[in-house]
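Starting from the given sequences, assemble the full structure and let the hints guide the process.
Sequence lines, in order, name chains A and B.
Take 1 as the starting number for the first sequence in our numbering and just add one per residue.
Take 114 as the starting number for the second sequence in our numbering and just add one per residue.
Think of the hints as simulated: they come from the structure by calculation, not from any bench.
Predicted, not measured: the structure shown is a model, and the values here were computed from it.
By construction, the Cβ of each residue, glycine as well, lies at the ideal position given by its N, Cα and C atoms.
Be aware that a few hints might be false.
Stated by the list, open to error - In silico BS3-like pairs for lysine-lysine, Cα to Cα no more than 25 Å straight-line:
id: 1; chain 1: B; residue 1: Lys-190; chain 2: B; residue 2: Lys-162
id: 2; chain 1: B; residue 1: Lys-181; chain 2: B; residue 2: Lys-162
id: 3; chain 1: A; residue 1: Lys-3; chain 2: B; residue 2: Lys-165
id: 4; chain 1: B; residue 1: Lys-165; chain 2: B; residue 2: Lys-181
id: 5; chain 1: A; residue 1: Lys-71; chain 2: A; residue 2: Lys-53
id: 6; chain 1: A; residue 1: Lys-55; chain 2: A; residue 2: Lys-18
id: 7; chain 1: A; residue 1: Lys-57; chain 2: B; residue 2: Lys-215
id: 8; chain 1: B; residue 1: Lys-165; chain 2: B; residue 2: Lys-190
id: 9; chain 1: B; residue 1: Lys-162; chain 2: A; residue 2: Lys-3
Unchecked claim - Output of the computed footprint for chain A on chain B, the stretches with three or more beta carbons under 8 Å from beta carbons of chain A:
id: 10; stretch: 152 to 165
id: 11; stretch: 197 to 210
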Amino acid sequence: DVKVTQSSRYLVKRTGEKVFLECVQDMDHENMFWYRQDPGLGLRLIYFSYDVKMKEKGDIPEGYSVSREKKERFSLILESASTNQTSMYLCASSYGGVDQPQHFGDGTRLSIL
Amino acid sequence: GNSVTQMEGPVTLSEEAFLTINCTYTATGYPSLFWYVQYPGEGLQLLLKATKADDKGSNKGFEATYRKETTSFHLEKGSVQVSDSAVYFCALSVNTPLVFGKGTRLSVIA
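As structure tokens, this is what we get:
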């Protein structure tokens, strides 16, 4: 089975901090994705990557950046955290085209105080 | 653009009741359609999918049929269990990353 592992289940940070969320997948998938999930808004795509060192903006990239130095690892970076970035963050990966079914991690619940 | 509209929840049913969660979509092109389920405290899991008109996806007693004429992909189950309590997401893709609906929370009571 595909395993997508997010480094933290819960994280509390302060406004203005630089925050790193890490995601690792163990099935050699080309594509990796970062979403945020908010009540009443569903899942919104922040960034995705279809290859090492490649990245594409999703629907809500403002305030975020990403890094993919190795195929198995995809990092989401909040350059200067703000309270409106308090959310559940979900990482996913997929094989083949970016339209293929995705495998999700269990999420990181991030609180910015 | 591409979008998915799901019925708003929460939906509360008694055990063994029939379930329908409505999903309609708007897409430029010919989408693939998916249902994902999110159990409490977990990430999303693929429940079923369909890639062309009239295809029926099925898994764990759940079914959904790709209806191109009504642009719909409604999720159904004949007899729900308490263990089906979760949030259900409809999603589509047209050679792009998945576009998700807002989710429908289902609670099944014994």
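Hints and how they fare:
no., hint, result
1, B:Lys-190 to B:Lys-162, "holds, 15 Å"
2, B:Lys-181 to B:Lys-162, "holds, 14 Å"
3, A:Lys-3 to B:Lys-165, "violated, 29 Å"
4, B:Lys-165 to B:Lys-181, "holds, 8 Å"
5, A:Lys-71 to A:Lys-53, "holds, 9 Å"
6, A:Lys-55 to A:Lys-18, "holds, 20 Å"
7, A:Lys-57 to B:Lys-215, "holds, 20 Å"
8, B:Lys-165 to B:Lys-190, "holds, 21 Å"
9, B:Lys-162 to A:Lys-3, "holds, 20 Å"
10, 152 to 165, "holds (count 7)"
11, 197 to 210, "holds (count 6)"
The structure is inconsistent with hint 3 alone, although it conforms to all the rest.
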